[in-house]
Amino acid sequence: MTAPHRSGQPDVLQVRGIACRRGVALLFSGLDFEVAGGELLCVRGPNGCGKTTLLRCVTGLTRPDDGAVLWKGVSTRTDALAMHAGMAFSGHLPGLKDDLSAEENLEFALRLRGATVSVEQRREALAAVGLEKRRRLPARRLSAGQRRRIGLARLSLDPAELWVLDEPLTALDDAGQALFIEFLDRHLARGGLALAATHHRLAPPSGVVRELRLG
Amino acid sequence: MSRDLQLAWRHPDEAVLTVAFFALVASLFPLGIGAEPQLLARIGPGVIWVGALLAAFLALPGLFAADYADGSLEQMTLSPHPALGWASGKIAAHWIVSGLPLTVLSPLIGLQYGLTPDTLAVEAASLLVGTPVLSLLGGACAALALGARGGGMLLALLALPLFVPILIFGAGAAEAQATGLSPAPHLSLLGAGLIASAVGLPWAVGAAVRIAVD
Numbered sequence: 001m002t003a004p005h006r007s008g009q010p011d012v013l014q015v016r017g018i019a020c021r022r023g024v025a026l027l028f029s030g031l032d033f034e035v036a037g038g039e040l041l042c043v044r045g046p047n048g049c050g051k052t053t054l055l056r057c058v059t060g061l062t063r064p065d066d067g068a069v070l071w072k073g074v075s076t077r078t079d080a081l082a083m084h085a086g087m088a089f090s091g092h093l094p095g096l097k098d099d100l101s102a103e104e105n106l107e108f109a110l111r112l113r114g115a116t117v118s119v120e121q122r123r124e125a126l127a128a129v130g131l132e133k134r135r136r137l138p139a140r141r142l143s144a145g146q147r148r149r150i151g152l153a154r155l156s157l158d159p160a161e162l163w164v165l166d167e168p169l170t171a172l173d174d175a176g177q178a179l180f181i182e183f184l185d186r187h188l189a190r191g192g193l194a195l196a197a198t199h200h201r202l203a204p205p206s207g208v209v210r211e212l213r214l215g
Numbered sequence: 001m002s003r004d005l006q007l008a009w010r011h012p013d014e015a016v017l018t019v020a021f022f023a024l025v026a027s028l029f030p031l032g033i034g035a036e037p038q039l040l041a042r043i044g045p046g047v048i049w050v051g052a053l054l055a056a057f058l059a060l061p062g063l064f065a066a067d068y069a070d071g072s073l074e075q076m077t078l079s080p081h082p083a084l085g086w087a088s089g090k091i092a093a094h095w096i097v098s099g100l101p102l103t104v105l106s107p108l109i110g111l112q113y114g115l116t117p118d119t120l121a122v123e124a125a126s127l128l129v130g131t132p133v134l135s136l137l138g139g140a141c142a143a144l145a146l147g148a149r150g151g152g153m154l155l156a157l158l159a160l161p162l163f164v165p166i167l168i169f170g171a172g173a174a175e176a177q178a179t180g181l182s183p184a185p186h187l188s189l190l191g192a193g194l195i196a197s198a199v200g201l202p203w204a205v206g207a208a209v210r211i212a213v214d
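From first to last, the protein sequence lines stand for chains S and C.
For the first sequence, our numbering begins at 1 and goes up steadily by one.
For the second sequence, our numbering begins at 1 and goes up steadily by one.
Do not take every clue at face value.
What the hints assert, rightly or not - Derived, one-sided and incomplete: chain S residues facing chain C with beta-carbon distance under 7 angstroms:
no., residue
1, F33
2, T59
3, L61
4, L70
5, H84
6, A85
7, L93
8, P94
9, G95
10, L110
11, T116
If you're looking for bench data, these hints aren't it; they were derived computationally from the structure.
Beta carbons are placed, not taken as given, at the ideal position from N, Cα and C, and that holds for glycine.
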């Protein structure tokens with residue numbers, strides 16, 4: 001099920017025999033894959049095939065019906081916090097507070113992630129995603145794409161090794177998508193790894209891209 | 001926690017509503033019942049406690065629901081901090097916004113019922129110990145009711161019966177003081193309730209939230 005080209009780095013994330021059912025429908029079972037530093041694994045498949053569920057099973061948000069997720073060789077059943085410390089998750093829900101400004105949202109999100117980031121770094125990150133002038137506006141006054149850009153700024157400042165991304169390009173314009181690819185490329189070049197569910201073709205110049213097809 | 005407080009500060013209407021509701025309910029009773037000093041002094045502590053309980057309940061549905069809807073709860077569950085920490089923080093923020101102002105306001109309300117200074121002090125003390133228990137119990141119920149259809153009704157059915165013992169001991173403390181008995185047993189029981197719930201309930205909140213985001 002997994003493509004052959006590998007980067008030769010040790011596997012940081014290993015998934016063994018994972019299975020999940022929703023009601024009576026079996027979404028997937030006996031799924032094995034691993035992701036090493038510098039690799040991007042794209043999960044593909046038609047709508048409703050379980051891409052989001054697979055991502056949520058890997059993060060630990062959803063409990064899989066069978067199988068195990070190993071982070072640096074240790075099962076997340078025994079130590080989930082170690083994996084959470086090294087993982088940034090970007091799902092369908094933005095995790096933004098409408099009443100807080102872009103800057104405050106970024107500050108709280110990063111504090112929750114346990115990252116120490118200076119005010120200047122936050123401003124720079126917001127400037128890089130094009131929200132420099134709007135950083136004091138409450139998030140409710142931003143467009144869907146601009147809200148996604150706050151998420152991009154968060155990813156760029158998050159020290160996490162693993163990015164788990166569910167449809168990362170949704171609502172982003174061409175410039176935003178290019179920006180995301182740039183961030184992803186930098187992340188992979190640093191030795192980070194990423195797991196993404198997407199219908200788009202992600203092709204960061206550095207790093208190894210593999211595909212996992214569901215359904 | 002600091003984020004919740006900042007949100008409450010940015011949108012004070014909800015917190016103000018809680019306090020205004022408490023003040024209104026407690027002030028309407030003397031008007032409705034009439035100026036009969038003995039009767040008012042007799043029912044005062046109980047009415048104030050019922051008002052505080054309902055006001056604390058009023059702020060409960062929003063405690064986790066907004067974070068659940070916008071994905072903040074997912075991010076909290078996936079944060080490298082243990083659930084105990086952020087669950088306690090959210091409950092503490094709820095108390096600072098609802099329980100603490102009610103406690104501070106209670107002596108003023110008590111004056112309308114002609115309560116003696118000792119009784120006022122005991123009433124405030126019982127609220128100081130009792131309202132955090134309300135926040136803890138209510139927080140656990142709010143987390144359990146997350147994602148359920150008709151969550152508000154479910155929350156009332158879950159939380160209000162659990163609030164009853166706190167109400168009995170809380171109002172009992174001030175009443176004992178007013179009738180010349182020692183309020184100590186009531187306050188000790190409330191204190192014991194606070195310790196037990198502070199130890200156990202944040203953990204339960206974390207577990208309930210994890211089930212809700214699944």
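Tested hints:
1. F33: At 20 angstroms from the nearest chain C Cβ, S/F33 fails the 7 angstroms test, so the hint is violated.
2. T59: Hint holds; S/T59 Cβ to chain C Cβ min 6 angstroms, cut 7 angstroms.
3. L61: Status holds, d = 6 angstroms.
4. L70: With a closest approach of 17 angstroms, the S/L70 hint is violated.
5. H84: 5 angstroms, holds
6. A85: 4 angstroms, holds
7. L93: Holds - the Cβ of S/L93 comes within 7 angstroms of chain C, reaching about 3 angstroms at its closest.
8. P94: At 6 angstroms from the nearest chain C Cβ, S/P94 passes the 7 angstroms test, so the hint holds.
9. G95: 4 angstroms, holds
10. L110: 11 angstroms, violated
11. T116: 13 angstroms, violated
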